[in-house]
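Since the structure of chain A is already known, use the hints to place chains B, C, D, E and F on it.
Chains as they are written, first to last, in my numbering: chain A, 1 to 207; chain B, 1 to 207; chain C, 1 to 207; chain D, 1 to 207; chain E, 1 to 207; chain F, 1 to 207.
Calculated from the structure, these hints are not laboratory results. Hints may be right or wrong, so weigh each one.
List time: in silico DSS-like cross-link candidates among lysine-lysine, alpha-carbon distance up to 27 Å [what the hints assert, rightly or not]:
no.	chain 1	residue 1	chain 2	residue 2
1	F	Lys133	A	Lys152
2	E	Lys198	E	Lys67
3	A	Lys197	C	Lys67
6 protein chains.
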Amino acid sequence: MSILQTLILLSFLLSASHAAVQDFCVADLSAPEGPTGYSCKKVSAVTVNDFVFSGLGVAGNTSNLIKAAATPAFVTQFPGLNGLGLSLVRLDMAPGGVIPLHTHPGGSEVILVLEGSICAGFISSSANTTLNKGDSMIFPRGLLHFQLNAAKVPALAFVSFSSPSPGLQILDFALFANNFPSELVEATTFLDDAQVKKLKGILGGTG
Amino acid sequence: MSILQTLILLSFLLSASHAAVQDFCVADLSAPEGPTGYSCKKVSAVTVNDFVFSGLGVAGNTSNLIKAAATPAFVTQFPGLNGLGLSLVRLDMAPGGVIPLHTHPGGSEVILVLEGSICAGFISSSANTTLNKGDSMIFPRGLLHFQLNAAKVPALAFVSFSSPSPGLQILDFALFANNFPSELVEATTFLDDAQVKKLKGILGGTG
Amino acid sequence: MSILQTLILLSFLLSASHAAVQDFCVADLSAPEGPTGYSCKKVSAVTVNDFVFSGLGVAGNTSNLIKAAATPAFVTQFPGLNGLGLSLVRLDMAPGGVIPLHTHPGGSEVILVLEGSICAGFISSSANTTLNKGDSMIFPRGLLHFQLNAAKVPALAFVSFSSPSPGLQILDFALFANNFPSELVEATTFLDDAQVKKLKGILGGTG
Amino acid sequence: MSILQTLILLSFLLSASHAAVQDFCVADLSAPEGPTGYSCKKVSAVTVNDFVFSGLGVAGNTSNLIKAAATPAFVTQFPGLNGLGLSLVRLDMAPGGVIPLHTHPGGSEVILVLEGSICAGFISSSANTTLNKGDSMIFPRGLLHFQLNAAKVPALAFVSFSSPSPGLQILDFALFANNFPSELVEATTFLDDAQVKKLKGILGGTG
Amino acid sequence: MSILQTLILLSFLLSASHAAVQDFCVADLSAPEGPTGYSCKKVSAVTVNDFVFSGLGVAGNTSNLIKAAATPAFVTQFPGLNGLGLSLVRLDMAPGGVIPLHTHPGGSEVILVLEGSICAGFISSSANTTLNKGDSMIFPRGLLHFQLNAAKVPALAFVSFSSPSPGLQILDFALFANNFPSELVEATTFLDDAQVKKLKGILGGTG
Amino acid sequence: MSILQTLILLSFLLSASHAAVQDFCVADLSAPEGPTGYSCKKVSAVTVNDFVFSGLGVAGNTSNLIKAAATPAFVTQFPGLNGLGLSLVRLDMAPGGVIPLHTHPGGSEVILVLEGSICAGFISSSANTTLNKGDSMIFPRGLLHFQLNAAKVPALAFVSFSSPSPGLQILDFALFANNFPSELVEATTFLDDAQVKKLKGILGGTG
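Extracted from the complex, chain A is given alone in its bound form (with noise of 0.2 Å):
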């Protein structure tokens, strides 16, 4: 028996890995998901393309209130991650460029900033400071933080999270724009009937 009989042999093995959950387990998007993630994609299926994803190599568009963009690859626009512990986002902000205070209930994060500066922080330890081309720094899982371009350029920043599919609060949507009776935001908030009530029509909130 050759040699390569005999590791032909072995790659039953091998085979066999090549379906198991610990190689990969490329998401298909329309089959059952759990709590762990979504279930995988028939290996004779895949190729090459599950692997890879280029959504992320185009700015952002800024032009808007907030001056800022976030271009996600979650599970769902990228199903390679499934299982994985790992997503990305492009962060393209404006001078005066921000991403509001939001959660991510899902995941920690990293942020390491390509260009420009960034302010960004978390609440906990009241954790702020400015961020410089080439630095990083983390937003723990489920804190309150925000990032803010304060500064005349334009900046660019990715994003690593520890989770597939990371999840997104952000506050002002959180508080204003659900069909929550203002009376309940205001109980709830200790914010004045004015504030919540103004922050609802501009963010479309009901009640």
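Frame of chain A; chains B, C, D, E and F shown alone:
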């Protein structure tokens, strides 16, 4: 572009997070179940009722030989618990009531006594003690434990588990309500033949 | 050799398991803490008191502005919870009492109402509803939620968490009790300057 | 710069990884232990001996009443297992030998019979069967199970666990070798008083 | 109400736990697979045969060039292992037999030598040594390792993994049995062109 | 009682959460390390600098034989990453630069190309492709992979890992920079003696 439009753009992320495993994964009890829980119900079919369970408000019927009743809110009763690492049980115990020795193979437990008093313990460190109203006690995963109402008044307690389906193995049921031959039970427990046959008779075991 | 001697031999294993991480790991609050919890107290120093906590039997004082009190049994109060993936809080709410919007970055929650009624909700799916005695409701990890007693009678609830230290981030405290400049808070929340300064004043924030 | 120098540069990473938790974490049994295992021995003190254990080559002494011996290679005997999610036990069973009903609260098990035959089972699905040489069987975490050599020749088996310290709770020891009052054991097991006192006597229990 | 009836009531919980993920989750190999394993077979269809595997009793055929055979009991061969964090492999090695350098990306390993002797090692700390009958050795997840029978007698070993599907990447297969251009292999390994082409030829690689 | 006083009471919980494992656990590199990471630095000693790392802003020196440089931000360089399941590496590659075949035993990876183009691939499914600016690609935990700059311009990429210390095993270093006897390397890789000795010579291996 208005702030409304801008935040609507941002809300694509928010919408995406609605479908995320991290926000919630209400069990679809009819869909495939995996090692870490049930498949998630489609978000579009989820209602506020999936997050609420009303079965623990009524006392269980303790008019039975053990004078005790356990009312579960596991994932099969309360599908909203799926993937959250939590479940509850209501415990009603008449005077003299007992929850016989048992284990939960799938989760740790903490009991909180709300009315009356309960003698409880787990075996490992032979930790047993009497718990009064307001007392709580832990029972680590997989260890034999019991609860017993030695007082003259009814007792009420609530139990929390670290898993949506902690499992339950009641010792007497395990030993005597099965179809193992009596000889096998005797050989593996050192119990006397008469004892085994007596309890097999009472508990409906055969063999 | 007697069965006693034999089982004493077997008990070396049992003794070994006494020291095992799986049986229990009572927190030694003075020893190093790692990402998954505190170091374990020496087994020889563990007593039954480490497994029992009596702090939840007394109503918290609700004679305060929010007319509510939360009494925790986290790992720092109840070291026996270390490593078990569980903790508890007692919630007392006078009529009109409110637990303002907050998140638990480190764990999911299930509330169980034992007396009175509580209006509760979490934001993501805008799931809010009124819970009556015996009702339970989930609040997934990291999502903003609140509890409010809109009834004319006191309410009592117990809350279970999927972590020995779920953490707590109260929105108002996060926004207004820090030393972030008001401009920063305004830029990242879209709240008005007067609103921010008013609440900073009340809550002791500076800047 | 030579390739040697270059790779020496790269090796800073490699060296860093030597100290990394992922490569290995040999238990320092004298240092703090946490919920997920022991502290790691300093890499500079680790030798090849930490990765090897020679205690399973010798048959255990089965000249005892249960005619069986279990020789463990848990993390306390084999510190290299720390953090790896694995451990082993050697099982020697003379004819008629029995490993009485027990559970492992901290890990699942798979047995592999190498000599003779063993009748084994776990309770839940009442799964019991006779295993012959070459057969393997699973025992899920926390479920009561037993092994019994009903054949006329010695049996040898090796057991693997999914944890470096799976724990062990032998039912008879748990029930009768403690200092719980007999009445308590009887009330929580439905066993007869005579039965409880007899086995308490044999197993050295008091009370 | 008889104790029988009472325990039958209690057994609703027990029945519930039969369906629980914690008791067992036998793989349904035809149903969706997720990042943590296969979907569970319906409990009603599970038989004792799902918990037993008989494939490791027969020596593998070592009449091949590497003079060795590995017989796996991974989840695809032994569905009862699903979700349990365990699997096994039987290793038969004739004199001179070798299991070439390989890794298991998905799990750690412990080998136990039952007959003969095996020279084994893993690379990281350059831990290699000769194992004799009864010796066990760990190979941490993802590190390159090998086994080699340098003795004059056959060797038999059993290997346990910390995962039901640990995967397998055999170095030679990875480097030479693929369709990567030889230039690419050479550039990323520093191996000589002749060496790469020779082994590509033997192992059936192209390019 | 003022709202200030009330919230100060509530803030005991908040303060407790400051010390909680869930908020953050900055590595104390001098304290014990366990299987899941380093001990946490005392909260009172933590400053905003612990959350920020500035080492990735400067290009690595690619004036070496592999014409590439990898600058890590693992937990040992950036202690704030401890327990967060994340780390980063900066990759600078001159034209012709190569990161030779390697694995990360402890974590999965996603690369994002920011300048130039990189030919990258992992072996398992033989997934290799050319990545251009803005492209990202996954490399699942433990699988052999490489990066190569086949273009005429420098390339810059950032790499994220799903672990604070993913580890690194460079194939050439593993095979040739150790003190294994050449015969052993040859027997377990099928490489020719001359090839092994040549690379042992270059890479400083002995034996």
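Results for each hint:
| no. | hint | result |
| --- | --- | --- |
| 1 | Lys133/F / Lys152/A | holds, 25 Å |
| 2 | Lys198/E / Lys67/E | holds, 21 Å |
| 3 | Lys197/A / Lys67/C | holds, 25 Å |
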